[in-house]
Amino acid sequence: MSEKQFFLASEADLLAVAERLAQVVNNAKNTDDKPLTIHLLGELGAGKTTFSRGFIQALGHQGKVKSPTYTLVESYELPPWQIHHFDLYRLADPEELEFMGIRDYLDSNTIILAEWPQRGAGVLPEPDLKIVIAYADKARDMTVGALTTRGRELLEKL
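All residue numbers for the sequence shown refer to our numbering, where the first residue is 1071 and numbers rise by one.
Think of the hints as simulated: they come from the structure by calculation, not from any bench. These figures come from a predicted structure and were not determined experimentally. Any given hint could turn out to be false.
Claimed, not checked - What follows is a set of in silico ranges between Cβ atoms, one per label pair, in the way DEER data are often shown:
| id | residue 1 | residue 2 | range |
| --- | --- | --- | --- |
| 1 | S1137 | D1207 | 19 to 29 Å |
| 2 | E1165 | S1080 | 37 to 47 Å |
| 3 | K1074 | E1166 | 31 to 41 Å |
| 4 | M1071 | Q1093 | 18 to 28 Å |
| 5 | F1169 | D1207 | 39 to 49 Å |
| 6 | E1223 | G1130 | 28 to 38 Å |
Claimed, not checked - Calculated lysine-lysine pairs in the DSBU-like style (CA-CA distance at most 35 Å, straight line):
| id | residue 1 | residue 2 |
| --- | --- | --- |
| 7 | K1134 | K1074 |
| 8 | K1134 | K1104 |
| 9 | K1227 | K1134 |
| 10 | K1208 | K1074 |
| 11 | K1074 | K1136 |
| 12 | K1074 | K1104 |
| 13 | K1227 | K1136 |
| 14 | K1227 | K1104 |
Ideal Cβ positions, reconstructed from N, Cα and C, are used throughout, including at glycine.
Kindly generate the complete structure, drawing on both the sequences and the hints.
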């Protein structure tokens, strides 16, 4: 797995990395017929939702980006992308994703941002990118790992 490390001294730094990744994704050609899947890992309050908000807004969303903690998923139509932001913290069993129709969310012009993806293991698509955000005193450390060819291409440009 290829990785890049980022030290994030502030929320603005976190949002800057999210914006840069959104630009890289937007400028890349999608040659896959699968969604781009990004797994976001970290403790409660580490910045997963903040990262998602910055990423979604950088792709053109003008409104508020709500945390999908209670709804499990919030979707955004941002042509050419359909973005599905999942927060699986409250998921009791990965099979719940099947009941909510996870397959309907997985086409080629889709970006999946999944917080707490380990709770959807075996049902949620494997990630192209895995982002781990960890506390570093009052700052954060972020590791972005690429797990697929597509992920490595994106990571190289980040």
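Here's how the hints hold up against the structure:
1. For S1137 and D1207, the hinted distance range of 19 to 29 Å is satisfied, since their beta carbons lie about 25 Å from each other.
2. For E1165 paired with S1080, a C-beta distance near 39 Å keeps the hint of 37 to 47 Å intact.
3. Taken as a hint, the range 31 to 41 Å holds for the pair K1074 and E1166, whose Cβ atoms sit roughly 33 Å apart.
4. Separation of M1071 from Q1093 is about 23 Å and conforms to the stated range, judged on CB atoms against 18 to 28 Å.
5. Hint check: F1169 to D1207, Cβ distance near 41 Å, so the stated range 39 to 49 Å holds.
6. Checked against the hint of 28 to 38 Å, the pair E1223 and G1130 fails, with Cβ atoms roughly 22 Å apart.
7. Of the pairs offered as hints, the one joining K1134 and K1074 holds, with about 29 Å between alpha carbons and a cut-off of 35 Å not exceeded.
8. The suggested pairing of K1134 with K1104 holds, with an alpha-carbon distance near 27 Å, which does not exceed 35 Å.
9. Pair hint K1227 plus K1134 holds up; C-alpha atoms about 28 Å apart against a cutoff of 35 Å.
10. Between K1208 and K1074, the direct Cα distance comes to roughly 21 Å. Compliance with the 35 Å bound is thereby established for this hinted pair.
11. Using a Cα cut-off of 35 Å, the hinted pair K1074 and K1136 holds, with the two alpha carbons roughly 28 Å apart.
12. About 24 Å separates the Cα atoms of K1074 and K1104, which keeps this hinted pair within 35 Å; it holds.
13. For a cut-off of 35 Å, the pair hint linking K1227 to K1136 stands: about 28 Å separates their Cα positions.
14. A threshold of 35 Å between alpha carbons decides the hint, and for K1227 with K1104 the separation of about 20 Å falls inside it, so the pair holds.
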